[in-house]
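J.: First to last, the protein sequences are chains A and P. Position one of the first sequence corresponds to residue 1 (the working numbering), numbered consecutively onward. Position one of the second sequence corresponds to residue 400 (the working numbering), numbered consecutively onward.
Just so you know, these hints were derived from the structure itself, not from any lab. One or more of the hints may lead you astray.
Said to hold, decoys possible - Sample of chain A residues with no beta-carbon within 10 Å of chain P, all distances over it, derived:
hint: 1; residue: Gln32
hint: 2; residue: Phe87
hint: 3; residue: Asp122
hint: 4; residue: Asn143
hint: 5; residue: Gly366
To be verified - Straight-line Cα separation of at most 20 Å, DMTMM-like style, residue types lysine to aspartate or glutamate; simulated pairs:
hint: 6; chain 1: P; residue 1: Lys612; chain 2: P; residue 2: Glu602
hint: 7; chain 1: A; residue 1: Lys222; chain 2: P; residue 2: Glu476
hint: 8; chain 1: A; residue 1: Lys11; chain 2: P; residue 2: Glu494
hint: 9; chain 1: A; residue 1: Lys126; chain 2: A; residue 2: Asp70
hint: 10; chain 1: A; residue 1: Lys219; chain 2: P; residue 2: Glu474
hint: 11; chain 1: A; residue 1: Lys303; chain 2: P; residue 2: Glu494
hint: 12; chain 1: P; residue 1: Lys612; chain 2: P; residue 2: Glu695
Computed from a prediction, not measured in an experiment: that's the story for all the values here. From the three backbone atoms N, C-alpha and C, an ideal C-beta is built for every residue, glycine too.
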Amino acid sequence: MYENELKRIIKSNKSILFISLAIIAAIFCSYQAINNARTSIFDSKGEERVITGAEAIRLDNQRWSALKGDLTEDKIMIVLNKYRDSFSKDNSSDDIINYIPVVCMFESISSDKGYKNGNLPDTVAKAFYENRNKKQYEILIKNSFNKDEIDYFDKLESKVKKPFYYSPNAGWANALNNLAMLYSILCVISLLYAAPSFSNAYKNGADEVIRTTEFGRKKFAKAKILSTTLFVLTISVIATVVYLLPVARVLEIKGLDSSIQFMALNSPTPMTCGEVLNFVVGFGILSVVSSTVFTMFVSSACKNSISSVSIVFIVLATYVLESFYLKSTVKNAGNNVFKLLMDMTPFAGFNIYYVFLGYEIHSFAGIVTWTPFIIVAASIISVVLFYKLALNIYEKHEC
Amino acid sequence: MKFTLYGFMNLKTVSLTKNYRSHNAVDKIDLEFTPGIWGLLGANGAGKTTFIKMLVGVLNPTSGDILFGDNSIKELEEKYRKKLGYLPQKFGYYEELNLNDYLLYVAALKGISKKDAKGKISYLLEKVSLTDVQYKKIRTFSGGMKQRVGIAQALLNDPQVLILDEPTAGLDIEERRKFREFITNYSRERMVLISTHIVSDIEFIANNIAVIKKGKLVASGSPNDLISSLAFSAWEVSIPVREKNKIEQSGLIINYHNEDKEDIFVRYISNDPLYCDSERKNVTLEDYYIYINSREEI
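Pulled out of the complex, with its shape left as it was, chain A reads as follows:
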């Protein structure tokens, strides 16, 4: 039955469409990841020329190789001096361009005025990590995190490797952004793909014959859900490979050894860029799978495809709205029930990259939990829960 169901799935026009859209999305996101990179070079006359794409990435990696290694406060002091010098020279920014990854950090931990006119004190470098901690504390207080939550972030922060490690990683921030976008696209197309799974058969009468056969209830529903999920999982993995292959060819793989703090200085996430990449891939694919199972559950309960698509998209739209709007308007999302519910939706995993860059926790009744733990647990639970619910609903459905 599984073999027949898989064959049926693969032969269908909508599967061919799904595969095509997934591959196109992967190619598009990969293209964006590489071609959105831009950097400048200055000719002998001091005129600026903008370079884009793979060439820009290679050039930046070459320039930034001077920073490779642990980012000690002595190294930061060297960069700070070069930064000050760049304000005294005539428009020539050649030298400072080689230290951009660290120069960007000055903006995060110093006053805006001092940064813009090059007037930064030595403590910016000599007490770099201390200043960073102060800045983190300011952010936490500003966002009304309570003492338990601040303590939790302190514990998380204590696991961050210091000094930070840097290896030229030009393009990886953009690549991770586009990878998150790829998974969000895959989630959407998997919703559209899975929504008619049961509801279409209810509507066109195919289900009526099926449920009068010996295995036409639970066993059939299991075969349907598992086959569809396996298919979606396989295509998601293929799309990921299609995305990463060209990206990995152009970008420096060793750049993934850099601390994630080179993408978001004040992030308390104790990981390298490579570890974050692994989690983005894992959580991303998991979110596509859990979205698919959730959608099939909705499909099993709906009389037609339009209803199932509508319901799933309302949930997805609510999550997206919460992710982009609520986040910026609500202080201390730590004990926000609505935010917790949204982070427990099957889709939450595709946004995990941004979770690692920020201060994302949930706390209820004194228990504080880092959001990625909630997302992964909720995704796994939702796969199991909605699978079982779909089986139950399908078995009880009446024609």
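Mind docking chain P on chain A? Use the hints.
T.: Same frame as chain A, but now just chain P:
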């Protein structure tokens, strides 16, 4: 109770009822189906399809039960469905599959091994005259061809209980004749229930008839028993058109056709002839059925 390959177990409904908010679609039907062909007659909206859906387990009754042998079909579940073949009124299929793949798919759901399925499919396709199109997609078929696909899938597991809801819809005269012949041969040690509002589908082949009207069972028995229960006779006569109303007041017009501008040829049922030149005819099942449907008190 043990299942045996050789003994047929009767299918029985006990006070079977299905209520909806606005009406009773099926109202306390007690019926026992024995081997042979059963015709289920009723007008559109009488409750035939609702009744059948409960028999095949795709609709739950509001009250009452359905027994296969001594056991409720709810308890038997897969064991009952293993013996069941069903063609719904609105036959649906997977559009992306060709005929052969669709039948293999259904065969797998019916627990038939791939090897056995291929042989059965080959045999059935020949019986329903669809061998030439087995690798074409079902969505390209005509209505009659799709109906034959539906009949073929219902027979895949060689069911002991075969339930067909309006099976001849879309079939031409020759196809209907072949269908009746096939079903008659098939029904020797099996129960076949054919639901229809077309009397000619079952008139000659059914061993027993059940008539449903407004959700209730109003009659059941062999065709001869049902016809004999009518106290009327059938008559045929040629009359002026203006006399038509007179017959309708005293008897029941079964059928008529125009003979010329002024006269019509009428078949009617009545205790006594309404015109002295009326010719007495044998009452048919169609006469009986039209009579039952026309009477409000039944």
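J.: Each hint: holds or not?
T.: Verification of the hints:
1. Gln32: Gln32(A) is indeed farther than 10 Å from all Cβ atoms of chain P, at 33 Å.
2. Phe87: About 67 Å separates Phe87(A) from the closest Cβ of chain P, which puts it past 10 Å; holds.
3. Asp122: holds (71 Å)
4. Asn143: holds (52 Å)
5. Gly366: At about 48 Å from chain P, Gly366(A) clears the 10 Å cut-off, so the statement holds.
6. Lys612(P) with Glu602(P): With Cα atoms ~18 Å apart, Lys612(P) and Glu602(P) stay inside 20 Å; holds.
7. Lys222(A) with Glu476(P): Answer holds: Lys222(A) to Glu476(P) is near 17 Å, not above 20 Å.
8. Lys11(A) with Glu494(P): holds (10 Å)
9. Lys126(A) with Asp70(A): Holds - the C-alpha atoms of Asp70(A) and Lys126(A) are around 15 Å apart, at most 20 Å.
10. Lys219(A) with Glu474(P): Measuring from Cα to Cα gives roughly 17 Å; hence the hint holds.
11. Lys303(A) with Glu494(P): holds (18 Å)
12. Lys612(P) with Glu695(P): Holds, at about 10 Å.
Of the hints listed earlier, there is not a single one the structure fails to meet.
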